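*Asks:* The task is simple: from the sequences and hints, build the whole structure.
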Amino acid sequence: MKVLEVQSISKSYSNHIALDKVSLSVTEGQIFGLLGPNGAGKTSLIRIINQITMPDDGAVLFNGAKLCADHIRHIGYLPEERGLYKKMKVGEQALYLAQLKGLSENEAKAALRVWFEKFGITQWWDKKVEELSKGMAQKVQFITTVLHKPKLLIFDEPFSGFDPINANIIKDEILQLKEQGTSIIFSTHRMESVEELCDHIALIHQSRKILDGPIDEIKEKYKQQIYKVDFSSTNLDFLNSLPEHLKLITKNKHQAEIQIQNQSPASDLIRLLIDQSDLKAFEEKIPTMNEIFIRTVQEN
Amino acid sequence: MNKIILIIKREYLSRVRKKSFIVMTILGPILMAGLMMTPLLMDTSDTEEREIWVCDESNMFRSQFEDVNDTHFEFIDQNIELIKEAFNDSEAFALVHIPKVDTATIDLLESSVKVYAHKPMSFSHQELISKNIERVVESIKLKQEGLTRELIERTRSDVELNTIILGESGSEKSGSTEIAMGLSMAGGFLIYFFIFLYGAMVMRGVMEEKTSRIVEIIISSVKPFQLMMGKIIGIAMVGFTQFALWIILTFVISTVATTLLIDPTDVNISDLAQGSELISHELQNESGLGLIFNQLEEMNITFILLMFLFYFVGGYLMYGSLFAAVGAAVDSETDTQQFMMPITIPLIFSVIALQTILENPDSSLAFWCSIIPFTSPIVMMGRLPFDPPMWEIALSMVLLIIGFIFTSWIAGRIYRVGILMHGQKVSYKTLWKWIRQS
Numbered sequence: 001m002k003v004l005e006v007q008s009i010s011k012s013y014s015n016h017i018a019l020d021k022v023s024l025s026v027t028e029g030q031i032f033g034l035l036g037p038n039g040a041g042k043t044s045l046i047r048i049i050n051q052i053t054m055p056d057d058g059a060v061l062f063n064g065a066k067l068c069a070d071h072i073r074h075i076g077y078l079p080e081e082r083g084l085y086k087k088m089k090v091g092e093q094a095l096y097l098a099q100l101k102g103l104s105e106n107e108a109k110a111a112l113r114v115w116f117e118k119f120g121i122t123q124w125w126d127k128k129v130e131e132l133s134k135g136m137a138q139k140v141q142f143i144t145t146v147l148h149k150p151k152l153l154i155f156d157e158p159f160s161g162f163d164p165i166n167a168n169i170i171k172d173e174i175l176q177l178k179e180q181g182t183s184i185i186f187s188t189h190r191m192e193s194v195e196e197l198c199d200h201i202a203l204i205h206q207s208r209k210i211l212d213g214p215i216d217e218i219k220e221k222y223k224q225q226i227y228k229v230d231f232s233s234t235n236l237d238f239l240n241s242l243p244e245h246l247k248l249i250t251k252n253k254h255q256a257e258i259q260i261q262n263q264s265p266a267s268d269l270i271r272l273l274i275d276q277s278d279l280k281a282f283e284e285k286i287p288t289m290n291e292i293f294i295r296t297v298q299e300n
Numbered sequence: 301m302n303k304i305i306l307i308i309k310r311e312y313l314s315r316v317r318k319k320s321f322i323v324m325t326i327l328g329p330i331l332m333a334g335l336m337m338t339p340l341l342m343d344t345s346d347t348e349e350r351e352i353w354v355c356d357e358s359n360m361f362r363s364q365f366e367d368v369n370d371t372h373f374e375f376i377d378q379n380i381e382l383i384k385e386a387f388n389d390s391e392a393f394a395l396v397h398i399p400k401v402d403t404a405t406i407d408l409l410e411s412s413v414k415v416y417a418h419k420p421m422s423f424s425h426q427e428l429i430s431k432n433i434e435r436v437v438e439s440i441k442l443k444q445e446g447l448t449r450e451l452i453e454r455t456r457s458d459v460e461l462n463t464i465i466l467g468e469s470g471s472e473k474s475g476s477t478e479i480a481m482g483l484s485m486a487g488g489f490l491i492y493f494f495i496f497l498y499g500a501m502v503m504r505g506v507m508e509e510k511t512s513r514i515v516e517i518i519i520s521s522v523k524p525f526q527l528m529m530g531k532i533i534g535i536a537m538v539g540f541t542q543f544a545l546w547i548i549l550t551f552v553i554s555t556v557a558t559t560l561l562i563d564p565t566d567v568n569i570s571d572l573a574q575g576s577e578l579i580s581h582e583l584q585n586e587s588g589l590g591l592i593f594n595q596l597e598e599m600n601i602t603f604i605l606l607m608f609l610f611y612f613v614g615g616y617l618m619y620g621s622l623f624a625a626v627g628a629a630v631d632s633e634t635d636t637q638q639f640m641m642p643i644t645i646p647l648i649f650s651v652i653a654l655q656t657i658l659e660n661p662d663s664s665l666a667f668w669c670s671i672i673p674f675t676s677p678i679v680m681m682g683r684l685p686f687d688p689p690m691w692e693i694a695l696s697m698v699l700l701i702i703g704f705i706f707t708s709w710i711a712g713r714i715y716r717v718g719i720l721m722h723g724q725k726v727s728y729k730t731l732w733k734w735i736r737q738s
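Residue numbers (the working numbering), protein chains in the order written: chain A, 1 to 300; chain B, 301 to 738.
Calculated from the structure, these hints are not laboratory results.
Computed from a predicted structure; not experimentally measured.
Misleading hints may appear alongside valid ones.
[Unchecked claim] Taking lysine-lysine pairs in the DSBU-like style, the calculated list, with each CA pair at most 35 Å apart, reads:
1) A/K127 to B/K303
2) B/K523 to A/K86
3) A/K87 to B/K725
4) A/K89 to B/K725
*Replies:* In structure tokens form, the structure reads like this:
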């Protein structure tokens, strides 16, 4: 089921176009990676989904209905530029933010107790935010984002400011939320976490969507028929005289990367290699998201 | 609606619970009471004995110089040069040299009296000496003209005016200019003070949200306009609380202090500073105080108080949203200066204009300033005790409400864009762009 549907959204500011007819849809329990270089329009799109700004053109549907103020309590948003009131106590502040999302005071208190215990931070309740470290404050922010059990969560660079241990805790929480059926939009530059977490990605570049699809399909599509081959011997001279449709990409002591440049099957290549050398391992090279990202952005 | 109440609650509680609020609320009245008490205390504490030597060469003034309180006049019949030498080594406070004159040349005294002192003299001592000499000179001149002082005293009269304002319906009201002016000034200044003090608080609050980056989290739950108005209203309530506490505490402290520090049998009303002569005069006539209250009643005190509340709140709300817009537009306090100018100028202008307007409450300056919403809260408040026409009051109120809606609309548009802008140099041109942006 589609939780969020963005239909041909355009938004321009006085001196530039931020979004140009961008469409995408997020289904239930999906982690949706929203990628793009700096200034591509990701934040503009996220702000439109959060009803912070209005699109010039196009529509956003939430659970099939036109996005409206009632949907605020079903959306959780952790912005990239985030902070808390420094002089306010942690507990009070979390309570306030939860109530702004539409929880009653008692609901919020009960939910906060659960989360504070889960993260082992109950003793922070009466501390002022200015006494917390950056990572500690980020934990509190994460809690306030997910506390009201939103159907759609939007994380903009959620791991920035976390040490690897805490980043892992947050990653596990995100995966658990997904298990529970929460849809998650995940905007980041860190491609390794995209590969780890995302089911589906969309790439925005210069205000336009240039790539959209399930992460496996995209990888499949971006495969370049490059194969990684391991050899036992170090005598790899025969690689310099490969047939025309095979291209040697790299070569070192025991290893080589070979690209098939026509549509001939990989088994032909294996046969050729077995005939001429002592082949140890043969593997198709799957492009990383990082490579796909750089390639698509540069091509456009 | 529920959310704006949450915002108001937070803005109010987070400020009222601050240490600085509590300290200011307690310290304010103590300072105020101190300010009010100092003249009284100074007056009683200055008991140092002073001796003033007088060298009266024509020997005409001895009878006129009577010892006053702590000041003793010592007449010395010796050559002035000798006295000067003695004075140099003495502890005496001052030496007055009145050169020799006779009834024909007495006018010379106007410029030839000399006072020698070790250090600069207070104005009141100078006054005392010159008054004494003047009286003698006067008496001598009167005698020359064949008049006596008693005769002059008898012909003096003291007329107090009871201004009666005739209403169009034939009603009569007595009006007192002094009281009206006092009320006007106090009301106008209070509004001015309130707008600046709490407007700046709104601005700093907005900047805090912007620089701490919490604002984006909040406006994903509420509309930016709700956040802005919630803050403005919450801070207004902080202001009301603080003002109420100040008034109550000032009253309590000054009552306590007066009873503790000043023995009532000691209070000699004529001792009070010269400026309070008018009040003491009215206090001496038993009916004086009653008269003030009578006149206050005549001026329809409830009406004025209600109006005061309206202009107080209206003026604050109108300027408050502008302060919020400035806070949203800048990244740091140092950048606020350029945008504060257009806000402070009309406010300062109103206070300056208020003083001229009090002289002539029906002038066209008074009219326009009390109609235009940017100056009306302060100026109309000042004019109210002088009974401006009802239609002018109504017009000014309606325009103030429109002005408030207008400024919050403008401010809301600047605010909405500004709070999410970081690290951009903002000029008036950018603000204009933000206002036009949909």
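*Asks:* Run every hint past the structure and note whether it holds.
*Replies:* Hint by hint, here is what the structure shows:
1. A/K127 to B/K303: The given pair, whose Cα atoms are some 25 Å apart, holds under the 35 Å limit.
2. B/K523 to A/K86: holds, 22 Å
3. A/K87 to B/K725: holds, 28 Å
4. A/K89 to B/K725: holds, 33 Å
Hint check: no violations occur; every hint is consistent with the structure.
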